[in-house]
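**Student:** Below are the chains, spelled out letter by letter.
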Amino acid sequence: MDNIIVTREVCRYFGSKDTQVKALDHASIEIQRGEFTAIIGPSGSGKTTLLQLIGGLDNPSSGQVLLDGTNIADMTGTTLSDFRRDHIGFIFQAYNLIPVLSAEENIEYIMLLQGIPAAQRKGRVHEMLRLVDLDGLGDRRPSQLSGGQQQRVAVARAMASQPDIILADEPTANLDSKTGVALLDLMRTLNEEHNMTFVFSTHDEKIMERARRLIHLQDGRVDSDQLK
Amino acid sequence: MLELRLAYRNILRQKRRSLLTGISMAGGFALCTFSFCLLEGGWGNAVDIFTLDHTGHIQIHSNDYHRRPKIHKTIGERESIEQILTNHQEITAFAPRVYAPALAYANNQTRAVRVVGVDWKLEPTTSRLRQKVHAGDYLDNAMTSDGYAKAMIGAGVANTLDIGIGDELVLISQGADGSIANDIVMITALVGTRTSWDKMNVYLPLPAAQSFLSMGNRVHEYALQVADSNANEVVARSLQTEINHINPAITVSTWQVVEESFYRTMQSDKQGNYFTMVLIVFLVFIGVLNTVLMSILERTREFGVIRAIGSRPIAIIRLIFLETIILATLSIAAGVVIVTPALYWLLTTGFTLPTPIEFGGVTFDHLTGRLSLFVLTVPALLIYVFAALVSILPGIRAARITPQQAMASH
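Each protein sequence line maps, in turn, to chains A and B.
Here this note's numbering runs 1 ahead of the position in the first sequence, where the first position is 1.
Here this note's numbering runs 66 ahead of the position in the second sequence, where the first position is 1.
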C-alpha cells in the first residue's frame, strides 16, 4: 500500500477549557497515491481544518500528519514553507489568484518561488494552460476571467509546481453547478492522466458523485470512508 | 523580472495613494537637492572668496606661525621649497609673504597697521590683490623717483590717516634681528574697502618688506592654490612629506586649519542644515510608512495565499522592499524633473541678497548654487535609505501573516 497521506488520531482544538471547540477529534485517514478523494460533511464538521492540517497550513493539537512518510506536524518556519511549495498544491474556494498578475504569471509565480529557471517556467506555464484548456487566455488578469476560468488557472497554478498532492477546499463553492461539475471533470482527468493525488472538500451532492472515495466527517470525527 | 513586475503593479493598485506618496517623496528629494545645492554654493562661494582673497588652499609656515605668529618664525630654505612647489603637479600657483605689525605715521597721526610683503609677480597668481586695487597702480619692485619703496594701503589706513596716492607714509616696527625697523614708503595704490578684512594693511614689495624687517631672504608664509580645492588635504600631506626632508620644522596646513574658526562655523552650519533636511525626509517617510502599512493590511489575504503556496517569509519582505524601492526610484525620477529647472536657475542666476552680508571679512551679496557629487547623490541616497528602513516593519508584519489568519480575515 502506497499511502501518501496518513493522519493518525489527529486532534485540533480551538480555544481553551469552557470555550474549547473540537474541530477535529482523533481523525485518522489513509489516502493512497493517485487517489481522487472527497472529504464531505456538513458545515463545521472539520473538512477545512483537516485539509489545512494535511496542507501544513496549521499544526494539530495532537496526533500525526504524515505526507509520504514525513511527519509535517512537527515542521515549522521555512522548512514547512519549502515543503508546501514542493509537495502540495492548493486550490482555494475563492480562487485566490494574485489580481495584478496575469493568468500566466500567476502560474509562473510558484515556479519562481521554487527557483526554476525562466525558460523552463515559460514552457511549463504553456503546458499547464493547455491542460486546463485556457490556451490564448494566459495574458488576461483574473478580473478579466470568469469564475470557472479563474478556478482553472488556480488548478494550473496548483499543478505547476508538480506537487505530490493537490488539496482543494470547496473548489466549486463559488461556481454555478454546471461550471463546478466541469471543473471536477477536469480535475479528475488530470488525476487520471498524471496520477496526481487530489483531495477536496465539498458538500455539493453533484460534486461528490465525481469522487472515487468519500470520507465523511461528522463533528470532527471520521464517520464513514466509502470507496466507490 | 516577475517579482519586479509584481512589485511594480502592486504600486499601481492604488494609483492615487501611490501618487500622493510619490509626490511627498519627490518633494522631499527636490527640497533636499535644492537645499544642498544652495548650501554647497553659498559656502563654496565663501570658501572661494576666502581662499582667493588671501588664504589660498594651503599655507606653509615655520613651526606654529599660523597659530602664534612671531616675526622670527621664518622660512629660510626658499629655493628648495619653491622647487618642490614648482614641480608639484597639483599646485597651480604659490606666493611668498612676510608679515609684521607696525605703526604707521602720517599727518601727525599714528595708527597700528599690518605690513604685508608680497611678491608683486607671484601674488596675483594666488590671490585677488591686483583686482582689489581701486585707485592707483599695482605694486612693483621699482623705487619711486624719490627713492622710496612703493606701498599699497587699505582703505582704513587711508581714511584714518587721511592720506592718499602720492603721500609718504612712515612705518615703524621691530626687525627680525631685534633692531628697530623704520622706513618711509610712497603710497601708489589704494586697496579694498573700509569694511574689507585688509583695511588696515600696508602692502610692500617683498624685497622692501624684507629689508624693512631685516629678514634677509626669509619669508613667513607661502600661500598656495591647488588644481582641485577638494583635494587640498591630500596635496598638503604629500607636500609635508616632501618638505620634511628639507626641514621638519616647516608646517604645511590646509586653509581649514589656518582658518579653523571659519571652517568650524561652516561645518556647524552645514551639519545643522543636513540635520534639518534629514528631519524633513524622516517626516515624509512617516507618511510613507503609513501608506505601506495600509497596503499590507489591504493585502493580508493575498500574503496569506502567497505564504500558503510556499513562499518563505523573506520573499514577502523582499517584495515589500522592492515595492518601496521602486516607488522611491519613481519618486526620485519625478524629483529630478521637478528640481532640474530650479537647480539650473540656482546655478546660473541665483539669489541677490537685498543687503550684503559680511562674515569673517568676506562680503556676500549674491548666492548661487553649486553641484557636487554630494549634492547629486546624497539626497537620492537619503531617500533610498529611508525607503529601505520603512519597508522593514511592514515587511516583517506581512511575512508574519499566516495563511490561516489571512483566510480568516476575508
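No lab work stands behind these hints: they were computed from the structure.
One or more of the hints may lead you astray.
To be verified - Reference excerpt, derived from the structure (chain B facing chain A, CB under 7 Å, subset only):
no., residue
1, ASN76
2, GLY376
3, GLN470
To be verified - Calculated Cβ distances over 10 Å to all of chain A for the following chain B residues:
no., residue
4, GLU69
5, LEU72
6, ASN111
7, TYR171
8, HIS200
9, THR317
10, ARG367
11, VAL371
12, SER377
13, ARG378
14, LEU396
15, PRO407
Claimed, not checked - Straight-line Cα separation of at most 25 Å, SDA-like style, residue types lysine to any residue; simulated pairs:
no., chain 1, residue 1, chain 2, residue 2
16, B, LYS81, A, HIS217
17, B, LYS81, A, LEU146
18, B, LYS81, A, ARG211
19, A, LYS18, A, ARG222
20, B, LYS187, B, THR226
21, A, LYS123, B, MET67
22, A, LYS123, B, TYR165
23, A, LYS23, A, ASP75
24, A, LYS123, B, LEU68
25, B, LYS139, B, GLU368
26, A, LYS23, B, LEU169
27, B, LYS136, B, TYR165
28, A, LYS123, B, LYS139
29, A, LYS123, B, ARG196
30, B, LYS336, B, LEU169
31, A, LYS18, B, LYS336
32, B, LYS81, A, MET209
33, B, LYS81, A, ASP75
34, A, LYS123, B, ARG384
35, A, LYS123, B, SER245
36, B, LYS81, B, MET360
37, A, LYS23, B, THR468
38, A, LYS179, A, ASP165
39, B, LYS81, A, ARG222
40, B, LYS139, B, GLY110
Computed from a predicted structure; not experimentally measured.
Every residue gets a Cβ at the ideal spot worked out from N, C-alpha and C, and that includes glycine.
**Student:** Hint numbers the structure violates, sorted upward?
**Tutor:** 4, 5, 10, 11, 12, 13, 16, 18, 20, 22, 25, 26, 28, 29, 30, 31, 32, 33, 35, 38, 39 and 40
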